[in-house]
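**Student:** Residue strings, one per chain:
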Amino acid sequence: MFLKNCWYVAALDQELAHGRLLGRTVLGEHLLIYRGESGSVSALNDRCPHRGALLSKGRLEGDGVRCMYHGIKYDGSGKCVQIPGQDMIPPKLRVRSYPIVERGHFLWVWLGDAAKADPALILDLPYLRDPSWKGIPAYLHYKANYLLIVDNLSDFSHLAFVHTQTLGGSEEYAYVSKPTVIERLERGFRVERWHLNSDPPPFHRKVIPDKAAKLDRRNIATMTVPGIFNMETLFAAAGQGKEAASRGGAKEYRNCQFMTPETERTTHFFWSYLNNFEGEDSTVSRTLLESLIEGFMEDKEIIERQQQTLDEDPSFQMLGILADAPLAHFRRVLARLIDLEHSDGATQRPEARSTTPAG
Amino acid sequence: MFLKNCWYVAALDQELAHGRLLGRTVLGEHLLIYRGESGSVSALNDRCPHRGALLSKGRLEGDGVRCMYHGIKYDGSGKCVQIPGQDMIPPKLRVRSYPIVERGHFLWVWLGDAAKADPALILDLPYLRDPSWKGIPAYLHYKANYLLIVDNLSDFSHLAFVHTQTLGGSEEYAYVSKPTVIERLERGFRVERWHLNSDPPPFHRKVIPDKAAKLDRRNIATMTVPGIFNMETLFAAAGQGKEAASRGGAKEYRNCQFMTPETERTTHFFWSYLNNFEGEDSTVSRTLLESLIEGFMEDKEIIERQQQTLDEDPSFQMLGILADAPLAHFRRVLARLIDLEHSDGATQRPEARSTTPAG
Amino acid sequence: MFLKNCWYVAALDQELAHGRLLGRTVLGEHLLIYRGESGSVSALNDRCPHRGALLSKGRLEGDGVRCMYHGIKYDGSGKCVQIPGQDMIPPKLRVRSYPIVERGHFLWVWLGDAAKADPALILDLPYLRDPSWKGIPAYLHYKANYLLIVDNLSDFSHLAFVHTQTLGGSEEYAYVSKPTVIERLERGFRVERWHLNSDPPPFHRKVIPDKAAKLDRRNIATMTVPGIFNMETLFAAAGQGKEAASRGGAKEYRNCQFMTPETERTTHFFWSYLNNFEGEDSTVSRTLLESLIEGFMEDKEIIERQQQTLDEDPSFQMLGILADAPLAHFRRVLARLIDLEHSDGATQRPEARSTTPAG
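Residue numbers (my numbering), protein chains in the order written: chain A, 1 to 359; chain B, 1 to 359; chain C, 1 to 359.
Heads up, some of the hints might be wrong.
No distinction is drawn between identical chains; accordingly, a pair holds when it is met within one copy or between any pair of copies.
[Said to hold, decoys possible] Straight-line Cα separation of at most 20 Å, EDC-like style, residue types lysine to aspartate or glutamate; simulated pairs: (1) Lys251 - Glu186; (2) Lys251 - Glu304; (3) Lys57 - Glu171; (4) Lys206 - Asp311; (5) Lys73 - Asp313; (6) Lys143 - Glu312; (7) Lys206 - Asp339; (8) Lys92 - Asp313; (9) Lys206 - Glu37; (10) Lys92 - Asp324; (11) Lys57 - Asp313; (12) Lys242 - Glu280; (13) Lys206 - Glu298; (14) Lys4 - Asp113; (15) Lys73 - Asp210; (16) Lys57 - Glu312; (17) Lys242 - Asp339.
Bear in mind the hints are in silico, worked out from the structure with no lab data behind them. Predicted model, so just to flag it, every value in this text is computed and none were measured.
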């Protein structure tokens with residue numbers, strides 16, 4: 001059961017290079033996503049309505065696509081424009097199309113009621129359109145429900161145990177740092193967490209010259225429905241983090257992650273991890289990309305196994321601890337929105353939120 | 001739901017060489033097919049009724065087979081003839097046998113009511129027993145329902161798009177050639193299609209000396225229940241195909257294909273592609289075998305993906321175009337025969353058909 | 001449907017070496033089995049009750065284990081002893097533990113009512129604790145229900161056909177030898193079988209100096225619920241086996257096999273094959289280990305295929321022969337015990353049995 005009337009990231013722009021016909025399943029629906037020769041982007045149902053052949057195995061022609069089974073051609077809106085050997089085109093022979101919007105390197109689709117697909121509802125993360133923030137958008141596939149990834153990102157104490165050698169740095173993180181602020185939002189939550197006077201974690205140490213100096217680390221994480229995570233990370237010299245005035249030379253990151261359900265048991269995971277200090281050389285971004293993949297693979301292993309556990313033991317009931325308050329709130333928010341959508345009481349438009357960088 | 005009271009090709013004779021105990025599932029039933037030491041062919045249920053071990057993992061002894069779990073032996077009719085360490089043989093301990101008939105290189109089985117298994121009902125394709133037609137019988141396994149392959153063979157416009165570089169030759173085939181005759185038969189259909197003044201398609205060009213001359217191409221295809229396809233192909237010099245009198249030097253093919261359900265989702269695909277011009281050298285046959293496998297693999301990719309689509313989206317409804325008239329007729333014919341079989345109104349014998357080469 | 005109130009072998013001691021956290025499914029329940037730093041052995045449910053992460057992917061700490069997702073720690077009894085970043089431990093946050101007993105090289109668990117888990121109910125096979133019997137405990141995984149392995153061991157005529165080249169020796173075994181005694185026991189059966197004046201079977205020939213002399217072979221097999229097989233094998237010079245007084249120089253084996261359900265379709269198969277003649281050198285034991293694995297792989301192939309047959313043809317009904325009397329009795333005994341357990345009429349304690357070597 002997914003929230004349908006909202007925007008989901010479905011692809012990265014780099015996945016559509018060179019006229020590629022990208023077959024991608026989103027919320028259980030099979031989509032063909034592609035950039036036509038004019039540059040416009042289309043999202044169509046990925047089945048030729050004639051015999052069910054995949055349009056993503058077809059051929060791009062202009063802004064349309066030809067099915068390469070019997071040669072039937074559709075334009076970018078899904079309208080059939082040619083049947084080889086037949087003059088009359090039956091009106092029912094058309095392919096469903098979906099609203100799709102390109103924002104920076106990300107392509108957002110809307111699988112619900114197309115009449116409600118207002119691009120203004122797309123969550124605006126300002127650093128994604130600010131050239132002073134550098135990063136490399138990337139993708140991973142998860143064999144797990146997207147909410148298990150949301151859960152993972154909702155409690156950063158896991159950094160200490162899952163990512164000790166990569167993104168975390170030490171087990172101390174779980175013991176001495178706690179969320180200082182947990183804010184329940186209408187469409188998600190916001191958590192702030194400090195870790196003072198600590199060693200730089202491995203991913204950060206790799207991209208800074210002084211590997212030994214103690215640092216203050218602050219994470220401000222926001223989660224928004226359906227599964228959009230962004231986190232603002234600051235590393236300042238030890239003792240200087242808490243006071244904004246003293247943060248000269250602080251280094252910051254902006255982590256943008258998008259969890260899009262492929263099916264009930266699989267997820268598309270897109271991200272861009274941005275920094276504000278590398279200048280024109282992409283070495284820092286590429287090093288961070290490697291570090292993030294390394295860390296995400298640690299998450300992926302534990303989360304995919306968690307999905308297997310739930311599949312094996314459908315009666316398994318998780319037991320909450322205090323740190324689960326944000327994820328419990330998020331699941332309630334999402335369940336309420338899905339209920340609203342189904343009861344069709346959702347006559348008012350969902351509300352757009354812009355996230356302003358804190359700090 | 002399969003038609004049971006009819007003959008299906010279950011194996012090629014070459015598959016039974018050297019006393020091989022061939023385990024093969026046909027219409028969901030697990031068969032052991034083998035040639036006994038006397039030369040006779042048997043088809044038995046492939047489970048020892050004692051503990052369910054596979055008889056196809058057993059040992060050929062004379063015209064019988066011994067289960068190699070506890071050593072119980074059956075003769076070629078399925079009768080138990082020995083239980084090691086036990087004198088009395090219980091009459092219930094026997095294996096079901098199935099009528100099986102060898103015709104040329106093909107073995108036909110009958111899985112329905114054995115009393116109705118008249119060999120005269122086997123479709124007679126005369127070129128399969130005419131030594132002037134040369135070919136190499138072969139086999140492919142499909143992960144798709146057999147009717148999806150029947151569908152594929154019912155509309156040759158797919159040659160233009162699926163087989164452009166192999167069996168088709170050009171996309172023009174779909175636009176300028178159309179079936180000139182579509183004949184609805186009691187147990188299938190017959191379609192005739194001309195393509196005049198065209199380049200030889202790749203599979204034909206490989207086996208003729210003059211690669212450049214334009215040709216007239218005629219295909220006469222017949223489909224017969226349960227899933228037997230034969231096609232008579234003629235290539236004549238351009239301008240001479242239409243008049244039989246002027247066809248000196250025409251080259252002809254006879255394509256015989258047999259689609260036998262393994263299960264609802266998989267198919268045994270047997271064929272022999274015959275030519276009348278190679279003489280005693282088998283180079284032409286072997287070249288054609290390679291070309292056909294190349295082309296069939298193109299079909300297989302698209303058809304197996306079609307099966308996946310149907311499995312993923314059970315509610316998917318195909319939409320017909322004009323070219324689907326033969327396949328729609330065939331599916332109606334088959335559905336009616338299956339209905340008849342189930343209502344047991346099928347008291348009259350199914351009718352045998354002999355296909356005379358058109359000329 | 002398994003018998004729950006009884007002991008099952010769940011692991012070999014060698015599997016717990018070096019602090020390994022062994023994840024093992026028994027009767028469909030997911031267990032973590034490990035030896036703590038004090039030497040004691042624990043069996044816990046293998047899911048952290050917080051978010052379902054596997055404890056077997058966690059970290060051994062003393063006699064407890066720490067989940068490496070969010071760092072929650074449990075002691076060897078399953079009690080939660082630490083939640084990083086949280087002082088209060090909710091009493092519900094604990095892991096189920098299971099009675100576990102180490103006997104020789106085998107670890108026995110009890111998955112039913114822990115109050116009934118009396119170690120005196122563990123079947124005592126005296127040769128497993130007698131240093132004059134030598135052997136190497138080993139393990140195989142089967143993709144088949146454990147009762148199909150029990151069936152296999154219940155009729156030794158299969159030695160003749162499945163194991164002709166390994167454990168059996170000749171097909172004659174099935175024809176000239178028969179069980180001389182079949183004893184129905186309250187919790188299983190006992191079968192005695194002689195094969196006189198025969199060649200030594202391959203596994204025995206490999207470990208004796210005189211490869212040619214004829215031998216008398218006696219097998220006394222006992223099967224006990226839930227799936228414990230032990231067999232006493234004697235090879236004496238031909239003509240001397242029947243009379244105990246004349247058996248000087250006889251060589252004996254003790255075969256102990258434990259079939260423990262992993263799931264309804266898979267089995268843990270543990271065994272130790274002991275001999276009384278090798279002295280201090282382990283060459284005989286290692287040679288026998290190889291021979292047994294070779295033979296068991298022959299069983300495994302046929303039994304796993306049998307499981308597939310039952311999965312494919314759920315309506316398949318096996319037909320008994322005379323040799324199936326012991327297995328039929330065993331299945332009745334087991335079914336009755338399971339029924340009793342479910343009707344809760346099982347108020348009296350299950351009875352322990354000690355197997356005395358026959359001689």
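**Student:** None of the hints should be skipped; say for each whether it holds.
**Tutor:** Taking the hints in turn, this is what the structure says about them:
Taking the shortest alpha-carbon separations for Lys251 and Glu186, neither the intra-copy value of 31 Å nor the inter-copy value of 76 Å comes in at or below 20 Å. For the homomeric pair Lys251 and Glu304, neither the shortest alpha-carbon distance inside one copy (33 Å) nor that between copies (53 Å) is at most 20 Å. Proximity of Lys57 and Glu171 under a CA criterion of 20 Å is satisfied inter-copy only: 17 Å between copies versus 49 Å inside one chain copy. In this assembly of identical chains, the alpha carbons of Lys206 and Asp311 never lie at most 20 Å apart, being 39 Å within a copy and 48 Å across copies at closest.
Taking CA atoms no more than 20 Å apart as the test, Lys73 paired with Asp313 passes in neither setting, with 47 Å inside one copy and 22 Å between copies. With identical chains, the CA atoms of Lys143 and Glu312 are at most 20 Å apart both within one copy (14 Å) and between copies (17 Å). Within a single copy, Lys206 and Asp339 get their C-alpha atoms no closer than 46 Å, and across copies no closer than 64 Å, so neither meets the 20 Å cut-off. Only between protomers do Lys92 and Asp313 lie at most 20 Å apart by alpha-carbon distance; the minimum there is 19 Å, versus 44 Å within a single protomer.
Neither within a single protomer nor between protomers do Lys206 and Glu37 lie at most 20 Å apart by alpha-carbon distance, with minima of 42 Å and 36 Å respectively. In this homomeric assembly, Lys92 and Asp324 come within 20 Å of each other (Cα to Cα) only across copies, at 16 Å, whereas the closest approach inside a single copy is 50 Å. For a Cα distance limit of 20 Å, the shortest separation of Lys57 from Asp313 across copies, 18 Å, qualifies, whereas the shortest one inside one copy, 38 Å, does not. In this assembly of identical chains, Lys242 and Glu280 lie within 20 Å of each other by CA distance neither inside one copy nor across copies; the values are 29 Å within and 71 Å between.
Proximity of Lys206 to Glu298 under the C-alpha cut-off of 20 Å is restricted to the intra-copy arrangement: shortest distance 18 Å within a copy versus 49 Å between copies. Taking the closest pair of Cα atoms, Lys4 and Asp113 come within 20 Å of each other only inside a single copy of the chain (8 Å); across copies the shortest separation is 47 Å, beyond that limit. When the C-alpha separation of Lys73 and Asp210 is checked against a cutoff of 20 Å, the pair qualifies neither within a copy, at 60 Å, nor between copies, at 35 Å. For the homomeric pair Lys57 and Glu312, the shortest alpha-carbon distance between copies (17 Å) is at most 20 Å, but the shortest distance inside one copy (35 Å) is not.
Neither within a single protomer nor between protomers do Lys242 and Asp339 lie at most 20 Å apart by alpha-carbon distance, with minima of 41 Å and 68 Å respectively.
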